[in-house]
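Student: Just so you know, the sequences run in chain order L and H.
Counting in the numbering used here, the first sequence runs from 1 upward without gaps.
Counting in the numbering used here, the second sequence runs from 1001 upward without gaps.
A few of these clues could be false.
With a Cα cut of at most 30 Å, we get these calculated DSSO-like pairs of lysine-lysine [claimed, not checked]:
1. H:Lys1069 - L:Lys59
2. H:Lys1024 - L:Lys59
3. H:Lys1085 - L:Lys85
4. L:Lys34 - L:Lys21
5. L:Lys12 - H:Lys1005
6. H:Lys1024 - H:Lys1084
7. H:Lys1024 - L:Lys12
8. L:Lys112 - L:Lys2
9. L:Lys92 - H:Lys1005
Just so you know, the hints here were simulated from the structure itself, not pulled from any lab data.
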Amino acid sequence: MKLRLGHDLLDKQMMSSDDKKVGRVDGIILELHKTTPPRVVAVESGIETVLHRVHCGTKWLRAIGRRLHVRDDGAAIDIPFTKIKSIGIDVKLMMNVEEAATNEWEDWLREKVVERIPGSGKGKKAGESK
Amino acid sequence: MTAQKETIHFEQLINRCVFDVDGKKVGRIEEAVADRDGVVNEFHVGSAAAFERFASSIVSVLGVTMKTKGYVVAWDRIDFSDPKKPRLLCDLSELQPLE
Chain L
1 MKLRLGHDLL DKQMMSSDDK KVGRVDGIIL ELHKTTPPRV VAVESGIETV LHRVHCGTKW
61 LRAIGRRLHV RDDGAAIDIP FTKIKSIGID VKLMMNVEEA ATNEWEDWLR EKVVERIPGS
121 GKGKKAGESK
Chain H
1001 MTAQKETIHF EQLINRCVFD VDGKKVGRIE EAVADRDGVV NEFHVGSAAA FERFASSIVS
1061 VLGVTMKTKG YVVAWDRIDF SDPKKPRLLC DLSELQPLE
């Protein structure tokens, strides 16, 4: 099976093993080696990777993330390629939402902002579609 | 001694101009083709590759024929030591045209 990275993988929706949305494939990491072909080692997800693609704002986003304790190391989230179960309309992972940990910004906003808005009730967890 | 490994972001390679051994522009990287294990065997370069990525179905439905150039570049014929300026390691005539 041929996999076209730009067409078949990049920007596709990722689904966890329990069928919840866990963000999109925002980046693809290739490992280069002098004597063997390049290899996809991981896919990246997160606003930081998207901003990096448009060449802006990654430094201050990291700083804000660290300051707000969204993610202590401020780095983008890598999902190993070996954790991808299948690639079709969606990219299905062999891990659940918590393992993927791609929704940290969404979870932070839900806990700190959305749930505090009067009348909001309990905020939906990121990735829940219904 | 361990083999040196580097990592590179594919999304940052897209649209990068590839230059031949004489420093002439060959085209832009538009696609990389891997097998199911993630091993990348070839890169598609040039405007034909861009059409392959975005508009091939629309163009074929409309029956429009467009003059585009594109090449299939095997993984060992491209040098990413400077990812901002990928270079061909062979002559342009040795590349397989993209159809």
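Student: Now tell me, hint by hint, if it's right for this structure.
Tutor: How the hints compare with the structure:
The hinted pair formed by lysine 1069 of chain H and lysine 59 of chain L fails the criterion: a straight-line CA distance of about 38 Å is larger than 30 Å. About 35 Å separates the Cα atoms of lysine 1024 of chain H and lysine 59 of chain L, which puts this hinted pair outside 30 Å; it is violated. About 34 Å separates the Cα atoms of lysine 1085 of chain H and lysine 85 of chain L, which puts this hinted pair outside 30 Å; it is violated. A hinted pair counts as satisfied when its Cα atoms are at most 30 Å apart, and lysine 34 of chain L with lysine 21 of chain L does not qualify at roughly 37 Å.
About 27 Å separates the Cα atoms of lysine 12 of chain L and lysine 1005 of chain H, which keeps this hinted pair within 30 Å; it holds. A threshold of 30 Å between alpha carbons decides the hint, and for lysine 1024 of chain H with lysine 1084 of chain H the separation of about 15 Å falls inside it, so the pair holds. For the hint linking lysine 1024 of chain H to lysine 12 of chain L, the alpha-carbon distance of about 34 Å lies beyond 30 Å, and the restraint is violated. For a cut-off of 30 Å, the pair hint linking lysine 112 of chain L to lysine 2 of chain L is broken: about 44 Å separates their Cα positions.
This hinted pair checks out: lysine 92 of chain L and lysine 1005 of chain H have alpha carbons roughly 28 Å apart, not beyond 30 Å.
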